[in-house]
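Asker: Given the coordinates of chain A, assemble chain B onto it according to the supplied hints.
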Amino acid sequence: MIVSKRKPTLEERRGRWAWVFIAPWLLGFTLLFAVPLIQSMFYSFSELSLSPTGLQLDFKGMANYRNALMEHVDYNRTLTEAVLNMLLNVPLVVIFSLFVAQLLNQQFKGRMIARVIFFLPVILASGVIASIESGDFLQSAIMGGGNDPATGAGSMLRSFELERLLIQSGMNELFVTYLTGSVDRIYEIVSAAGVQIIIFLAGLQAIAPQLYEAAKIEGATGYEAFWKITFPMISPLILTNVIYTVIDAFTSNDMTTLIQETAFRQFDFGLSAAMSWIYFIIIALILLITTYSINRKVFYQ
Amino acid sequence: MSLMTGKVINSKKEGQEVQRWERFQQRYLTLEKVKSSVWTIVRAVLIIGLSYVILYPILLKVSIAFTHRVDLYDPTVMLIPRNVTLENFEYVISTMNYAKVTWHSFLLSAMTMVLTVITCSLVGYGFARFTFKGKNVLFSLVILTILVPPQTIMVPTYINYRNFDLFGLIGLFNEGGLNLIGSYWPFVISSATGMGLKAGLFIFIFRQFFKSFPKEIEEAAFVDGAGVFKTFFQIMLPNAIPAIITVMLFSFVWQWNDVYYTTMFLDNASVMSTQLQTVGATIAHRLSTTSGGGVGAVDPFYVSMLVNTSILLAILPLIVLYLFVQRHFVESVERTGIVG
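Taken in sequence, the protein lines are chains A and B. Each step along the first sequence adds one to the number in the working numbering, with nothing skipped, and position 46 is 46. Each step along the second sequence adds one to the number in the working numbering, with nothing skipped, and position 5 is 5.
Just chain A, same shape as in the assembly (with noise of 0.2 Å):
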């Protein structure tokens, strides 16, 4: 009776120590994240002029809104094109780290320096550095084509030949335009991948050993294997990592570009709230629907 009473006192009184532990972070959460995201509501709904000694909010009702999605040229269009985009790329990506993860769990010579190739594109892969060399021309000039693919013979050939083969032995259009097309863009879904494979391998190595063994006896294929064993244990992670690729896709793209564009150049601060409203609306929802239709599939241990 005294141990049951005493046990959670003791827990309780420990577990006031974590206040100190999260105060830091709590504080920055409420002054810098939760304010912040009250304010920016507000913002959205009116206009806000800077003057040196503040700010003044004149209320302006939904004409953000209405600006942003009926008014303006580009918001649209820019928008339309991120979520395609990132439509395309997270299941290529997704699928191309799981691959990519299962080669590297694998034993075999220069496994070691496989691995730290395949995490470089962690490190050069981020921010101003890929966003340059997209656009680079001497370089995409010597690699054959590189992102336009009118302007290179080196990219046709690439997928050409294979495109007309899928196509001839009679496998649908759509399907292998958008297959080859990711085998022209293989660098871009390398680059987005390193995180992903870093995810994907520390869940490979997590799974019991024992269980391949038992398969194994039981005479199952690698394939068996992979489908049976592999696949579900890691399902929890595929979920991850589709969350991961999903905002990794829209934290930095044409629409984050015309958001900051449209608070810093043209001081539009209200508009470019309004914008980010919706975007991360749009994001929220995406997120929900692919969490919920992935979980109900995800196998939990």
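It is worth saying that the hints were derived from the structure and are not from the lab. Just so you know, not all the hints are guaranteed correct.
Derived, one-sided and incomplete: chain A residues facing chain B with beta-carbon distance under 8 Å [said to hold, decoys possible]:
1. 17
2. 27
3. 28
4. 36
5. 43
6. 116
7. 119
8. 185
9. 279
10. 287
11. 289
12. 290
Subject to a maximum C-alpha distance of 20 Å in a straight line, what follows is the list of computed SDA-like cross-link-like pairs (lysine to any residue) [stated by the list, open to error]:
13. B:215 with A:224
14. B:135 with A:13
15. B:33 with A:206
Simulated restraints on C-beta separations [to be verified]:
16. B:219 with A:38: 51 to 61 Å
17. A:264 with B:289: 19 to 29 Å
18. A:284 with B:99: 37 to 47 Å
Even glycine gets a Cβ: it sits at the ideal position worked out from N, Cα and C.
Answerer: Chain B alone, transformed into the frame defined by chain A:
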């Protein structure tokens, strides 16, 4: 495998059976051998091919950086320059103000890295190893900070730092608060309070790591009379080195490459990432003023060559850093417990 055969031998002691089993095993093994050797080749091709895809742009940059201008229009020069030169490097280093910019970038990244690691490890530990009211709600708020795009709170954040005020205290002395834009203070404040670049993700990583850590060690420390902080600093932190290295590398590198926060908080191009954004224009401008023929007379290929050199110089510190920590990093991935 041997256990299984042992069982078979024990249960069915007829010699014929054993022979049949052995024959089967031999056949099975050879088939396995063929399959595995084919797979080894396929795997090697795939890994070498993908490594090539990753490394090629870097190698290309190295090659471009060492190539002399004369070789640009020589179609017989491919990848390996005929006239090796350091001219490009010299030109870019003086144009970019390389030493100063690198030092600034290093200072900024190192500072945010240290603060981020301290705060996020504390917070991660707080979420992993204590039970308190509202823990789940608060942790879902951590996840929320990952999900909300930074652009959504961009304008208030900017205004916040432009007229920085702490509970109206600074406003008492200085009307309108302090203007922190253009200094490193916004980075210090945001990373010290766990609101910096992708800090939510780092908190998540630390929490997962501390959660997977055996609870008994902590209890032993408690029994031996160690307080909460002593346990954390002397037992948990030394064991969290894999997670610390991962977070350090990520936060340093992402800060180094970041343009979103640096363009917002710093008004001049004093760090590497903002410098890189405009380096093409800077080089073109300098070329046109020195040659005197206007911007139109600038050779775009030469500019591109110099831009490539500058990117190489910008990522050089990162590559050096990565080479130093790669062993710990790659190993730590296996034990970080990002997975939980």
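Asker: Now look at each hint and say whether the structure bears it out.
Answerer: Hints, one by one, checked against the model:
no. : hint                         : in the structure
1   : 17                           : holds (4 Å)
2   : 27                           : holds (5 Å)
3   : 28                           : holds (3 Å)
4   : 36                           : holds (4 Å)
5   : 43                           : holds (6 Å)
6   : 116                          : holds (5 Å)
7   : 119                          : holds (7 Å)
8   : 185                          : violated (11 Å)
9   : 279                          : holds (7 Å)
10  : 287                          : holds (7 Å)
11  : 289                          : violated (14 Å)
12  : 290                          : violated (12 Å)
13  : B:215 with A:224             : violated (37 Å)
14  : B:135 with A:13              : holds (15 Å)
15  : B:33 with A:206              : violated (27 Å)
16  : B:219 with A:38: 51 to 61 Å  : violated (42 Å)
17  : A:264 with B:289: 19 to 29 Å : holds (28 Å)
18  : A:284 with B:99: 37 to 47 Å  : holds (45 Å)
Taken one by one, the earlier hints fail for this structure at numbers 8, 11, 12, 13, 15, 16, listed in ascending order.
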